[in-house]
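Colleague: What follows is the residue order along each chain.
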Amino acid sequence: MLDVKKIKEDFLIFQRKIKGNNLIYLDSAATTQKPIQVIEAISNYYRNNNANVHRGAYTLSEESTMMYENARQSAAKFINAKSSESIVFTRNATEGINLVANAWGLEYFKADDEILLTQMEHHSNLIPWQLVAKKTGAKLKFIYLDRNGELDLSNLENLINEKTKFVSLVHISNSLGTINPVRDIIKHAHNYNIPVMIDATQSVPHTFVDVQELDCDFLVFSGHKMLGPTGIGVLYGKEELLDKMPPFMGGGEMINEVHLDWADYRSIPWKFEAGTPNIAGAIGLSAAIEYINSIGKENIEQHGKRLTQFAIEELEKIDGIEIYGPKFNRGPLVAFNIKNIHPHDVSTILDEYGVAVRAGHHCTQPVMQWLNVPATVRASFYVYNSFEDVEVLIKGLKKTKEVFAGVY
Amino acid sequence: MLDVKKIKEDFLIFQRKIKGNNLIYLDSAATTQKPIQVIEAISNYYRNNNANVHRGAYTLSEESTMMYENARQSAAKFINAKSSESIVFTRNATEGINLVANAWGLEYFKADDEILLTQMEHHSNLIPWQLVAKKTGAKLKFIYLDRNGELDLSNLENLINEKTKFVSLVHISNSLGTINPVRDIIKHAHNYNIPVMIDATQSVPHTFVDVQELDCDFLVFSGHKMLGPTGIGVLYGKEELLDKMPPFMGGGEMINEVHLDWADYRSIPWKFEAGTPNIAGAIGLSAAIEYINSIGKENIEQHGKRLTQFAIEELEKIDGIEIYGPKFNRGPLVAFNIKNIHPHDVSTILDEYGVAVRAGHHCTQPVMQWLNVPATVRASFYVYNSFEDVEVLIKGLKKTKEVFAGVY
Amino acid sequence: MSIEDLYSEIVLEHYKEPHNVGEIQSPEIFAKGFNESCGDDIKIFARVKDNKIEDIKFLGKGCAISQSSASMMTDLLKGKSINEVKEFIKAFNKKITGEENFPEDSDEWFELSALKGVIKFPIRVKCASLAWHTLAQGIRDYENKLIRRNNEQL
Amino acid sequence: MSIEDLYSEIVLEHYKEPHNVGEIQSPEIFAKGFNESCGDDIKIFARVKDNKIEDIKFLGKGCAISQSSASMMTDLLKGKSINEVKEFIKAFNKKITGEENFPEDSDEWFELSALKGVIKFPIRVKCASLAWHTLAQGIRDYENKLIRRNNEQL
Ligand SMILES: Cc1ncc(COP(=O)(O)O)c(C=O)c1O
Ligand SMILES: Cc1ncc(COP(=O)(O)O)c(C=O)c1O
Numbered sequence: 001m002l003d004v005k006k007i008k009e010d011f012l013i014f015q016r017k018i019k020g021n022n023l024i025y026l027d028s029a030a031t032t033q034k035p036i037q038v039i040e041a042i043s044n045y046y047r048n049n050n051a052n053v054h055r056g057a058y059t060l061s062e063e064s065t066m067m068y069e070n071a072r073q074s075a076a077k078f079i080n081a082k083s084s085e086s087i088v089f090t091r092n093a094t095e096g097i098n099l100v101a102n103a104w105g106l107e108y109f110k111a112d113d114e115i116l117l118t119q120m121e122h123h124s125n126l127i128p129w130q131l132v133a134k135k136t137g138a139k140l141k142f143i144y145l146d147r148n149g150e151l152d153l154s155n156l157e158n159l160i161n162e163k164t165k166f167v168s169l170v171h172i173s174n175s176l177g178t179i180n181p182v183r184d185i186i187k188h189a190h191n192y193n194i195p196v197m198i199d200a201t202q203s204v205p206h207t208f209v210d211v212q213e214l215d216c217d218f219l220v221f222s223g224h225k226m227l228g229p230t231g232i233g234v235l236y237g238k239e240e241l242l243d244k245m246p247p248f249m250g251g252g253e254m255i256n257e258v259h260l261d262w263a264d265y266r267s268i269p270w271k272f273e274a275g276t277p278n279i280a281g282a283i284g285l286s287a288a289i290e291y292i293n294s295i296g297k298e299n300i301e302q303h304g305k306r307l308t309q310f311a312i313e314e315l316e317k318i319d320g321i322e323i324y325g326p327k328f329n330r331g332p333l334v335a336f337n338i339k340n341i342h343p344h345d346v347s348t349i350l351d352e353y354g355v356a357v358r359a360g361h362h363c364t365q366p367v368m369q370w371l372n373v374p375a376t377v378r379a380s381f382y383v384y385n386s387f388e389d390v391e392v393l394i395k396g397l398k399k400t401k402e403v404f405a406g407v408y
Numbered sequence: 001m002l003d004v005k006k007i008k009e010d011f012l013i014f015q016r017k018i019k020g021n022n023l024i025y026l027d028s029a030a031t032t033q034k035p036i037q038v039i040e041a042i043s044n045y046y047r048n049n050n051a052n053v054h055r056g057a058y059t060l061s062e063e064s065t066m067m068y069e070n071a072r073q074s075a076a077k078f079i080n081a082k083s084s085e086s087i088v089f090t091r092n093a094t095e096g097i098n099l100v101a102n103a104w105g106l107e108y109f110k111a112d113d114e115i116l117l118t119q120m121e122h123h124s125n126l127i128p129w130q131l132v133a134k135k136t137g138a139k140l141k142f143i144y145l146d147r148n149g150e151l152d153l154s155n156l157e158n159l160i161n162e163k164t165k166f167v168s169l170v171h172i173s174n175s176l177g178t179i180n181p182v183r184d185i186i187k188h189a190h191n192y193n194i195p196v197m198i199d200a201t202q203s204v205p206h207t208f209v210d211v212q213e214l215d216c217d218f219l220v221f222s223g224h225k226m227l228g229p230t231g232i233g234v235l236y237g238k239e240e241l242l243d244k245m246p247p248f249m250g251g252g253e254m255i256n257e258v259h260l261d262w263a264d265y266r267s268i269p270w271k272f273e274a275g276t277p278n279i280a281g282a283i284g285l286s287a288a289i290e291y292i293n294s295i296g297k298e299n300i301e302q303h304g305k306r307l308t309q310f311a312i313e314e315l316e317k318i319d320g321i322e323i324y325g326p327k328f329n330r331g332p333l334v335a336f337n338i339k340n341i342h343p344h345d346v347s348t349i350l351d352e353y354g355v356a357v358r359a360g361h362h363c364t365q366p367v368m369q370w371l372n373v374p375a376t377v378r379a380s381f382y383v384y385n386s387f388e389d390v391e392v393l394i395k396g397l398k399k400t401k402e403v404f405a406g407v408y
Numbered sequence: 001m002s003i004e005d006l007y008s009e010i011v012l013e014h015y016k017e018p019h020n021v022g023e024i025q026s027p028e029i030f031a032k033g034f035n036e037s038c039g040d041d042i043k044i045f046a047r048v049k050d051n052k053i054e055d056i057k058f059l060g061k062g063c064a065i066s067q068s069s070a071s072m073m074t075d076l077l078k079g080k081s082i083n084e085v086k087e088f089i090k091a092f093n094k095k096i097t098g099e100e101n102f103p104e105d106s107d108e109w110f111e112l113s114a115l116k117g118v119i120k121f122p123i124r125v126k127c128a129s130l131a132w133h134t135l136a137q138g139i140r141d142y143e144n145k146l147i148r149r150n151n152e153q154l
Numbered sequence: 001m002s003i004e005d006l007y008s009e010i011v012l013e014h015y016k017e018p019h020n021v022g023e024i025q026s027p028e029i030f031a032k033g034f035n036e037s038c039g040d041d042i043k044i045f046a047r048v049k050d051n052k053i054e055d056i057k058f059l060g061k062g063c064a065i066s067q068s069s070a071s072m073m074t075d076l077l078k079g080k081s082i083n084e085v086k087e088f089i090k091a092f093n094k095k096i097t098g099e100e101n102f103p104e105d106s107d108e109w110f111e112l113s114a115l116k117g118v119i120k121f122p123i124r125v126k127c128a129s130l131a132w133h134t135l136a137q138g139i140r141d142y143e144n145k146l147i148r149r150n151n152e153q154l
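Heads up: the protein sequence lines correspond to chains A, B, C and D, in order. Counting from 1, one number per residue, gives the positions in the first sequence under the working numbering. Counting from 1, one number per residue, gives the positions in the second sequence under the working numbering. Counting from 1, one number per residue, gives the positions in the third sequence under the working numbering. Counting from 1, one number per residue, gives the positions in the fourth sequence under the working numbering.
Hints are computed from structural coordinates only; laboratory data are not their basis. Yeah, the Cβ is synthetic: ideal placement off N, Cα and C, and Gly gets one too. Treat each hint with caution, since some may be false.
[Stated by the list, open to error] Quick list of simulated restraints, FRET-style, between CB atoms:
#1 B:Phe328 - A:Met66: 35 to 45 Å
#2 D:Glu4 - A:Arg183: 55 to 65 Å
#3 D:Glu84 - A:Arg183: 42 to 52 Å
#4 D:Arg140 - B:Lys297: 49 to 59 Å
[Unchecked claim] With a straight-line Cα cutoff of 25 Å, these simulated BS3-like cross-link-like pairs (lysine-lysine) come out:
#5 B:Lys110 - A:Lys134
#6 C:Lys126 - A:Lys19
#7 A:Lys135 - B:Lys244
#8 A:Lys110 - B:Lys134
#9 D:Lys126 - D:Lys32
#10 A:Lys77 - A:Lys317
#11 D:Lys16 - D:Lys57
[Unchecked claim] A few chain B positions that, by computed beta-carbon distances, are all more than 10 Å from chain D:
#12 Leu2
#13 Glu85
#14 Asp112
#15 Lys134
#16 Ile341
#17 Gly360
#18 Lys398
Here chain A stands alone, though its shape is the one from the complex (with noise of 0.2 Å):
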């Protein structure tokens, strides 16, 4: 069980109030609350440390460097990654899926090629192969939801075949729960020798991700998710695959020699990080790792999976809300309906008894038109959320359906 009494004092932000009531922060899902050891690590860093990394023989330069290429190596620890020339730091999750549709998918798709996605991926995981795919092209091709929000496997055999060139799917949805069955999945592609990217922005934060055992080619996920900073992200590519591939952006930081008519760019994975890169956001990202490990995957996933039950439980027992996604074996996240009740009027309400909660369509309109809703509500959690949070935010709904009595 976690302390989350303790963990709660880490995150300053709970001593605000809004609009008098405490601060219950149930939107995990889109960015988390930052510990103040995160939140210092960058300032230690621009009071202590701060200069340009890579190229400067002073002290505070190697300083720099160092705590660069170590924030590196933690991140590839984190994800049990062979080594930190397999890391690429980005700005975001949504970064790293564009580089590696640029360039891998620019250098190696033709016309006709088919690119394997599901129906349930963030925006930032189809726009991207979209984009690509007008540009070669590639077709889409797509598994789809199951009655039960979960991935429909049974025409797999069918959908990955001679002209699958790539594979790219989401671990754990954003806006259903669900959990997918990737390595299954990756396994089924490398039999077809296809590369599989993994959107792990929603796994990594909650639960143990070995890129070795899951044999994914690339995975990506991103550091605001998981305590650390907004503007820094992983891109875990294997070096083999990396080393094919040309670079996505060109400019400083990742070249050796320059001519004005060409150039011979520096090896992986600073090939891939052009121009001055977000140093204090990696520092930051490795104390959001830190503060993980210290924590305990295994507590933070048990954590979210108790979280998750409760709500579902208690949601279950109010009238006329629809909940969405798979019943069991989920993310720590839960999105539902109230019956006529548009979810913006349910958040803005929530929001009186200081709620947070997002209402939208999370950045996946295919899923909500799988749904047919315009939007749903969702309360997502993290290793600051107690089950008070969520009674809380029962007596909010509650509240809710008496202020649109007439309407219901």
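Since chain A is already given, all that's left is putting chains B, C and D with the ligands on it; use the hints.
Modeller: What follows is chains B, C and D with the ligands alone, placed relative to chain A:
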């Protein structure tokens, strides 16, 4: 005159000792130090307002959206852009250039079109165009340097012609200090309806840059070189040009309507900001702008000019020092070499005195080739530098010569 | 300021049974609107005769604020001249953003002032004004079309 | 630890007049090295006869540390067998990174131990080892070529 002593108090890093000495930081052209006001703006955001932007209906999300969009407005005002819709937040200047090279270049360049750059571009304004030229068959042309390290514009009539489809050049050179007559070049290019991008990375921190007065079509700069955090930069573009560009990256936040097979993009500037942005970075940048405004751009410019002039005068007194770049009217930096001593060795010895200078090619290898040196030493100045800082530099250089006395 | 001021009886009644919902075949005025911040959309149709809004309807899914606002708007603007409508939209925008007060003793504004509570919820202003912005866009398109047609006839 | 320990007399003498600077025509061993952190480069040439380094030269611009290290390295390795050279490179790498101490009373290591000061300047270790890494690469290429040639003759 700047009250440097008072300013220095805002920069806590100067309380540090480097090998027992006060830190004399002369590498601001690589990245500047950060005042406490910027560091606290970031901390305060995480402590009080942190949430994802644009899609939440609760208080924190509303606050963070407002702070993020206010930062956009303050960036717009800082360069006198007509509207904040013409401001795209990027990771750094490099990403801004890559964005335009890709979204404009891949869309509008054909084989044998010409892209005009200069011989003094930072790698960040060279490699992206090399990559686009390779993809489109367009050709790179260059304005070369004259003996003084200034652009040789005698041939401009020939260099800008019907084949020219884009001009991109640096405002102030980071390796020579040259200030280019960008306004004249823009006017000339506009006679042929050719869009011009200005790399203002070294000018925006030091001098008032007015995009409307320059009439440039695009302009980029980096937050970390103007007291702001790492991981945030600005691309300015005229609205009508940004409108005509397809998105660079795809993902969340940049779309309206999404289906599995098509998507409708948001309006500018959000169309170009895929995924969760560096929210804290934008807020930190906005605090940096406030700090700069409180000192006053004119004062900063004057201060930089005085320090540079003083440094050049003192350097000239040392036997065997060669100074590079124009004699007069230059940016706040000076590059030089001591005869027979490698810049790397100079930098190591200066570090013993707490003096941080850059030794290297400053991401402008073509300039090094032109100077016919492998590298140079560069001292660059900002608001926290004093005349005494220059004196310590000079003392360190004299000591360097002593160490190498036998060689020299 | 409590949540009941935002969700007043009038707002909720319009939300429950919005007026003027539906399509108009080959309308003179048509526009689609989109609320970027929540993903809701709306379509507005209007029939123009003798420079007057003869009929006006809307379609779309949305929250209580946007639905009731569209419902009241269509009620109110029916029968007005294009110029009156344009003025009214301007006036509404000023009131909903708090730039001007809602008039206290105007019959015309009586129902609409039920939206007053929105002013205290800046993020919901977009919901309240979605229908109005969309109609304004439709009128602009309509007038541009008229101008083009006139030019072609010259 | 002062700066004079880094720039010792021996280092500066080798920097002033480096030994074995030049090219070797059609060398058995050749490699180019590049120091990513400062942009310096080096070329190493060696003539091999009877599995021994008969001659070795280098070309390149660089700092006092990298130049003197290359100068001393070429002095020392001339005449050694390929295997001895490989062992020596390994030993040097361990010493320059501080993993092992420089031997106190070895004639062979006497000059090289002038580079001892580098250990305290981690960022300069790359300068000191550039020539050594480059030669190691050249030897790997050379041995691979031999293996390929042998295979072809089989
Ligand atoms: C003139 C110029 N352009 C572009 C850049 C690239 O800036 P960044 O690394 O922040 O993208 C620099 C920074 O070194 C520069 O000096
Ligand atoms: C499953 C999933 N993928 C990708 C993303 C995109 O993350 P970011 O906006 O940090 O790039 C998100 C975040 O909402 C997500 O939940």
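Colleague: None of the hints should be skipped; say for each whether it holds.
Modeller: Tested hints:
1. A beta carbon spacing of about 40 Å between Phe328 of chain B and Met66 of chain A agrees with the range 35 to 45 Å that was offered as a hint.
2. A hinted range of 55 to 65 Å for the beta carbons of Glu4 of chain D and Arg183 of chain A is consistent with their spacing of about 60 Å.
3. Roughly 50 Å separates the CB atoms of Glu84 of chain D and Arg183 of chain A, a value that falls within the hinted 42 to 52 Å.
4. A hinted range of 49 to 59 Å for the beta carbons of Arg140 of chain D and Lys297 of chain B is consistent with their spacing of about 56 Å.
5. Between the alpha carbons of Lys110 of chain B and Lys134 of chain A the distance comes to roughly 18 Å, so the proposed pair stays at or under 25 Å and holds.
6. For the proposed pair Lys126 of chain C and Lys19 of chain A, the alpha carbon gap of about 21 Å is at most 25 Å, so the pair holds.
7. A threshold of 25 Å between alpha carbons decides the hint, and for Lys135 of chain A with Lys244 of chain B the separation of about 17 Å falls inside it, so the pair holds.
8. In summary, the hint linking Lys110 of chain A to Lys134 of chain B is supported, as the alpha carbons are separated by about 18 Å, within the 25 Å threshold.
9. Between Lys126 of chain D and Lys32 of chain D the CA atoms are separated by roughly 15 Å; this keeps the pair inside 25 Å, and the hint holds.
10. Under the criterion of a C-alpha separation no larger than 25 Å, the hint pairing Lys77 of chain A with Lys317 of chain A is inconsistent with the structure, at around 43 Å.
11. Taking the CA atoms of Lys16 of chain D and Lys57 of chain D, the gap is about 16 Å. The hint holds against a cut of 25 Å.
12. The Cβ of Leu2 of chain B lies farther than 10 Å from every Cβ of chain D, with a closest approach of about 32 Å, so its non-interface assignment holds.
13. For Glu85 of chain B, the non-interface assignment is confirmed: its Cβ lies about 40 Å from the closest Cβ of chain D, beyond the 10 Å cut-off.
14. Interface exclusion of Asp112 of chain B from chain D stands, the closest Cβ pair being 33 Å apart, more than 10 Å.
15. Interface exclusion of Lys134 of chain B from chain D stands, the closest Cβ pair being 23 Å apart, more than 10 Å.
16. Against chain D, the non-interface label of Ile341 of chain B is violated: not every CB pair exceeds 10 Å, the least being about 8 Å.
17. Here Gly360 of chain B does not stay apart from chain D, with its beta-carbon only about 6 Å from theirs, under the 10 Å limit.
18. Remark: the non-interface label on Lys398 of chain B is consistent with the geometry, its nearest Cβ contact in chain D lying 13 Å away (cut-off 10 Å).
In this structure, the hints that do not hold are numbers 10, 16, 17, in rising order.
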